[in-house]
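So the chains spell out like this:
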Amino acid sequence: MDTLLQNLINGALTGCVYALIALGLSLIFGVMNVVNFAHGDFVMLSMYLTFWIGLGIGMDAVFTPVLTAPALFLIGLLAYYVLIDRTLRQRYVTQIAVTVGLMIFLRALTQLVWKAQPRALPYSIIQGNIQIGPYTILASRLVSAIVSILAILGVSLFLSRTWAGRAIRAASDDLDAAALNGVPYRQTYALAFGLGSALTAIAGGLLMTFQQVDPTMGLRFGLLSWCVLAMAGLGSIPGLLISGIMVGAAEAAGMSLWDPRARSLVVYVLFILILWLRPRGLFGRK
Amino acid sequence: MRRTRKDLNRSLLVVLLALVILAPLAIRSNQYTLVLFTTVLLYGVLATAWNIIGGLAGQLDLAAGAYLGLGAFTTGTLLIRWNVSPWLGMVLGGLIAVLFALLVGYPLFRFGVKEVWYALSSAALVEVMRVAFLIWSQVGGPVERYLPYHEWSLYHLRFATYLPFYYIMLGMLILGLLVNRQIRRSRLGYYLMALGENEEAAEVLGVNTQGCKLQALAIYAFLVGMAGGVYACMYGFIHPNFFSGSMSTEVAILGIVGGMGFTYGPVMAAVVLVSMREFLRARLGGQLEGLYLVVYSVVLIAVALFRPQGIAPLVRQAYDRFLAWAAKE
Chain A
1 MDTLLQNLIN GALTGCVYAL IALGLSLIFG VMNVVNFAHG DFVMLSMYLT
51 FWIGLGIGMD AVFTPVLTAP ALFLIGLLAY YVLIDRTLRQ RYVTQIAVTV
101 GLMIFLRALT QLVWKAQPRA LPYSIIQGNI QIGPYTILAS RLVSAIVSIL
151 AILGVSLFLS RTWAGRAIRA ASDDLDAAAL NGVPYRQTYA LAFGLGSALT
201 AIAGGLLMTF QQVDPTMGLR FGLLSWCVLA MAGLGSIPGL LISGIMVGAA
251 EAAGMSLWDP RARSLVVYVL FILILWLRPR GLFGRK
Chain B
1001 MRRTRKDLNR SLLVVLLALV ILAPLAIRSN QYTLVLFTTV LLYGVLATAW
1051 NIIGGLAGQL DLAAGAYLGL GAFTTGTLLI RWNVSPWLGM VLGGLIAVLF
1101 ALLVGYPLFR FGVKEVWYAL SSAALVEVMR VAFLIWSQVG GPVERYLPYH
1151 EWSLYHLRFA TYLPFYYIML GMLILGLLVN RQIRRSRLGY YLMALGENEE
1201 AAEVLGVNTQ GCKLQALAIY AFLVGMAGGV YACMYGFIHP NFFSGSMSTE
1251 VAILGIVGGM GFTYGPVMAA VVLVSMREFL RARLGGQLEG LYLVVYSVVL
1301 IAVALFRPQG IAPLVRQAYD RFLAWAAKE
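If you're matching them up, the sequences are chains A and B in order.
In terms of our numbering, the numbers along the first sequence are unbroken and rise by one, the last being 286.
In terms of our numbering, the numbers along the second sequence are unbroken and rise by one, the last being 1329.
To be clear, the hints were calculated from the coordinates, so they are not data collected in a lab.
Please note that the accuracy of each hint is not assured.
Pulled from the structure, derived: some chain A residues nowhere near chain B, Cβ distances all over 10 angstroms [claimed, not checked]:
1) ARG86
2) ILE130
3) GLY133
4) ALA170
5) ALA178
6) GLN212
7) LEU275
8) LEU277
Some but not every residue of chain B turned toward chain A, in silico, with C-beta under 8 angstroms [stated by the list, open to error]:
9) ALA1119
10) LEU1134
11) GLY1189
The beta-carbon is built from N, C-alpha and C at its ideal position, and this holds for glycine as well.
Whenever a hint applies, use it, and build me the whole structure from the sequences.
This is the structure:
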């Protein structure tokens, strides 16, 4: 029983990172209604960049987002202006085809550069355990959760306090009204896409402190973040956090109660059930 | 004029058919090329089947791998355990795929899951099946299960050459195309096209959209499940990785790039893109892993961006021009 609870706690902490990834996705999907199938592969790319920087200049994975977040922001802008901007007026099927193409591209590119075998960083300053009562909590998970929550708070402050953030929210509520009030929609969209991608860099750095990366990982993170988003519904940042925690805990429960391989199975079944029963999510605003 | 056009169509079809029937005889000694041709046909079958749910009904299904795997596992398991002929096995596999599709599809359509959420839930389904079969060690498990080896056995559908599989796949492709054409001309086809265009409007006009979508899903699942049975016999083993997410996405991509709703579009896309991919793999794969996929994905993106209607309308235009020219001669 104690091990189960301990696994659930660690899973819930990892879930905070999932919430961060899903927040990026919800900026992209919620604001411009663009279906980005490549979001998980941005996470995968960030993890590889973290690995590369960590090995190259010996920077600890926790600090790499200082470099990778601006890089991912630029990559996001590039992806927006080169690909997404042209698909805005197309059917959603075309959007999906383009972002799936981007997904295959990113996957193949990482495979080309870093080969197919899994990569991991040898150490991080946040290794070790923290003992709280009978429970052993992994320090890496705890720090990841704290940093993720801080990042989520930061984004929600940005969305509510700055002009650009308000522009993003206005565009997501009603694009035409926002445009009439002088919100430049292309820049707003590009900003949202860049920001959404930059958030995956923070998540990627955190994830690399406790796990390895391989090129096929994108699909898992992609579906995972869609699952969190489906559960939360659009427009509620606390909802995202709670959903992320629930998904992380569900993963852990599946792993410790049933089979280590059942981790993704539990999440996906949960995802499908949520779509059936609560298509607007548990905390949706619209 | 109208008569000549029909005649020309027919004679062109005969020439094309003769070509694809005779082509493997010319290269029968080269197993690699045969595998390549058969793979192109397989993707052609899958994308043609997808066209019913994706192209006509407009539901972006990404679960082809789930139905393919179910067909493969049914056929393979029946053959390994009880020596049931794959000819029967693949029909049963198709039926099991249909059953599964209905079980999953009914609540999906009932609760109005559509567009991107339908796509995502079907993508998740493939992963669910893969992991489930990985864990279910009586039937699946992490180790390949080999089908019994036979030099040449029609009963076991096992051959030392790929030649028979080429013809079986060709037969399935023709079946798939005929089904597509038949549906397009039927009441169901018009309903599907209407709801693919605008679901609310179709519903207001009295189309039973749920029922139509379920029918389309079932037909698609049956064809893919059957192809899965042949797939298992062709490769000689079954493995949970047959529930492949990337294959499912690729099938949908072929359907989109080919031109949604055009009967022959998906096959054309399969011929062009799959053979290009395999050619690139053979050419570049040896030196740099992944390079062929980089090129492939760039082509995909380019087609999706600049030809959002797909390549079928282009081919049709070219064909019309050819006909006009031929009529003049």
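Now the hints, each set against the structure:
At roughly 6 angstroms from the closest C-beta of chain B, the C-beta of ARG86(A) falls inside 10 angstroms, breaking its exclusion from the interface. Against chain B, the non-interface label of ILE130(A) holds: every CB pair exceeds 10 angstroms, the least being about 32 angstroms. With a least CB separation of 33 angstroms from chain B, GLY133(A) remains clear of the 10 angstroms interface cut-off, as annotated. Listed as a non-interface residue, ALA170(A) keeps its Cβ farther than 10 angstroms from every Cβ of chain B; the least gap is roughly 23 angstroms.
Every beta carbon of chain B lies more than 10 angstroms from that of ALA178(A), the smallest distance being close to 23 angstroms; the non-interface claim holds. No Cβ of chain B comes within 10 angstroms of the Cβ of GLN212(A); the nearest lies about 18 angstroms off, and the non-interface call holds. Not every CB of chain B lies more than 10 angstroms from the CB of LEU275(A), the least distance being 5 angstroms, so the non-interface label is violated. At roughly 7 angstroms, the least C-beta separation between LEU277(A) and chain B is not larger than 10 angstroms, which violates its mark as non-interface.
At about 6 angstroms, the closest approach between the beta carbon of ALA1119(B) and any beta carbon in chain A falls short of 8 angstroms, and the interface hint on this residue holds. The beta carbon of LEU1134(B) is positioned within 8 angstroms of a beta carbon in chain A (closest approach about 6 angstroms), and the interface hint is therefore held. For GLY1189(B), the interface hint is violated, since its Cβ never comes within 8 angstroms of a Cβ in chain A; the closest pair sits about 19 angstroms apart.
Hints 1, 7, 8 and 11, counting from the list given before, are not met by this structure.
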